[in-house]
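Since each chain comes alone in its own frame, lean on the hints to assemble the complex.
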Amino acid sequence: MDLTLKIWRQENAQAKGEFKNYQVKGVSKDSSFLEMLDVLNESLVDKIESPVCFDHDCREGICGMCSLYINGRPHGPDDAITTCQLHMRKFKNGETITVEPWRAKPFPVIKDLVVDRSALDEIIQSGGYTSASTGGVPDANAILISKYDSDLAMDAASCIGCGACVAACKNASAMLFVSAKVSQFALLPQGQVEKERRVQKMVAKMDELGFGNCTNTYACEMECPKEISVSNIARMNREFLGAKLFSRETV
Amino acid sequence: MIKQITFSSITKKVIMSLAGLFLIVFLLVHLGINLFLLPLTENHREIFELAANFMATNPLIKIMEIFLFGGFIIHIIYGIVVQLQNWASRGNIGYKSGNKTKASLSSRYMIYTGILVLLFLAMHIYQFYFIKLGLNSSVFMDEHGHPLFYDIAINLFTTQPAYSILYIVLFVFLGFHLNHAFQSAFQTLGWEHPKYTPCIKTLGLVYAIVVPLGFIIIPLYFLIMK
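Protein chains in written order, with the working numbering: chain L, 416 to 666; chain E, -9 to 216.
Treat the hints as calculated values from the structure; they're not laboratory data. Take these hints with a grain of salt, some might be off.
In the DSS-like style, the derived pairs of lysine-lysine whose C-alpha atoms are separated by at most 30 Å in a straight line are [said to hold, decoys possible]: (1) L:526 x L:431; (2) L:641 x E:86; (3) E:92 x L:507; (4) L:641 x E:92; (5) E:191 x L:659; (6) L:431 x E:90.
Which stretches of chain L does chain E cover? Using the computed rule of at least three CB atoms under 8 Å from a CB of chain E, they are [claimed, not checked]: (7) 576 to 589; (8) 610 to 623; (9) 626 to 638; (10) 643 to 653.
From the three backbone atoms N, C-alpha and C, an ideal C-beta is built for every residue, glycine too.
Pulled out of the complex, with its shape left as it was, chain E reads as follows (with noise of 0.2 Å):
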């Protein structure tokens, strides 16, 4: 294996919670922007535009992109040796009576909601990233040939059903990764305090709810009112 690769688990670890984080800060961004979508505001179409343009044209979120695909990259990749590795340590023969320690399920199957959420960003970017780069086309552009994204949206959750209900599960996987993930990541870069850390666990819970059932309100909305 390349050198990079073949750090020291903790080193590992903690890039990998380093990029976790910084993908935290970014889900919140994209809440924030696609919460729009929904008729918060007379203008939320507007905002909502607005706030996709300035994505997509601005200097410094150009660069901030890189380093978003990058933070993924790195967890993904990560994500996979660390787990490769795990099963390996195990040895040839694992426990035919299981595992019945109550360790809590959202930290047991990270890799499992994590994949599914991989699954998801891979649809996800197919749809909306590929457009913009031209890869994928859509019927839904302006007269600059610059692809119209809250049509795009509003249009996959309003004729397809299937869609959104599938990206209600994903968004539910997501809140489970969310949960172990916020405070694993505090744990892994050794801040931990017993003032801090309940509070840290507690944050992370509510963000791991609060974040993805903002996502899901969007979906779900467009199915109930039709």
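Just chain L, same shape as in the assembly (with noise of 0.2 Å):
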């Protein structure tokens, strides 16, 4: 596959970012689209120009550092992936390919398409635990949860904090993310001594770092690649309004 990549380039934070237009040649279409990127590099680094930065780490789908914001959509065309797991038969050969970093306040620009995602790790210091007991090793059997409510934690659980809610969302806002990180606490037993606190403390950080308002489009839904549900969202919204109503104690 011959290809034209228009990549967003950027020195640094301080720096304006420009578009820059690649062509990459002899392409397989069985190789993945961070594989296509690392032909493209190795052919910049040949001609000693500097190479495209993007964020990548496990490259199977679950560690959550693969970004990028690919033809309009996080994580490219194609549903419930990382762009890892993106391959390049899903684009027609000649296509131009335009990958930007994602866009949102919070995530400032490091260089090219890597952005500084630490305002999720701020969100989840604020509550997204539960605080560590000590002593000996419980019976497994000692708190008994239903099926259900495991498989629905496990689900929200399976967050792997990519951020691609933030990037599809229209007002950049983080709540399937932060909802993901409540309900995985709010459903299980083990959550339930710090639930008020926890909800309250990382709904307010995630008002100070600059995400936006929920406006229940779904978008979040449809692009994240662990197909998290809104009713996550739904179900934060229950545990915050009922800690903002009823809990005596002061976060």
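Shown next, in the form of structure tokens:
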């Protein structure tokens, strides 16, 4: 496959970026999108040009490190996958592919296509945990959990924190991410102790960092590589309202 | 910004959705009365005037009127505040390749359909409510100086086809607004359930089609009958 790539290049956070066009020839349709970028970068290095910076790690679709806004969609033109799992057979020979970084005020560009997503980590630090208890190993059946609830909690916990929900949302809202991280605990008995503090702190942090307000377009759910359901957002809204209205503890 | 409008993102949306649901109920009542502009029964004019009179004089309705205006103002102010924050959240540079995610059209253009409905509301208040307040005048007044809303409405629909067409077009946009609004309000309030959410979505769609259509039929009838 021969392709034209229109890639956002930006030297650093302060620099003014711009799109640059690159031609890549002889790309295998069976290669992944990131492998195609590797081919481009090798050719750039050969020409002693600066390679295109992009985030990646496991390349198995489980780490949440890769990003890229490809032809108007986070993680490109396929459903329920990360960019590393996107294959070139999803594109046509001779196509022009536009590649942009995630765009959100809380995700500043570090270089080229790499953005700083530590805002998501800050939300987790604000309350997305259960305080560890010490002592002996508890019996596996000491706390009973229904299969239904454990499955829902596991589905919520499958969020890899890639930020595609923020990138897809017209409001750059992080509600799907935060709601998944709230739900994975709210659904389990172990998460009950801190649930009121947790949801209030995480929502406050999300707002403080400058993520947008949710307007229920559900673009997040459509682009989530892990197909996290927006029912988690409704759950978080319930948890948040309940905590705001009835919690006696000031957070 | 004053403290009242710097609530958390979820609280703002909850206030907006409650105000919106209230307006949805109001719209149904309004339609119920408006339909009697049509010759549904022989005494449709009497029924319309009786209802209009009840709405203008009943003390309970007078109290509800305050809530209604409050509902509109809260919904509009929060709608604008939320939208401004949302535009700012994208940052200085937007996407060159646009947004190709297949989110529903009505959900993506809520602010624009909302603004169109707001323009209609302003026009509507000027044409009807202002007459009641004495801020706008009309030739259709009874001997006590009370406005004859039946005649004012019929006169608008029968003598100004441009107004009728604008009315019809704006109600189509209201339909798009309502289509997203109805189910979105329930989601924001956290009233989501695998059994009931599909029903709410269907009900919202039916409401968004039937209610604007009910309003549209009235000028349409006068346009055709002319």
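Notebook entry, point to check: So which hints don't hold here, by number, going up?
Noted result: Those not satisfied: there are none.
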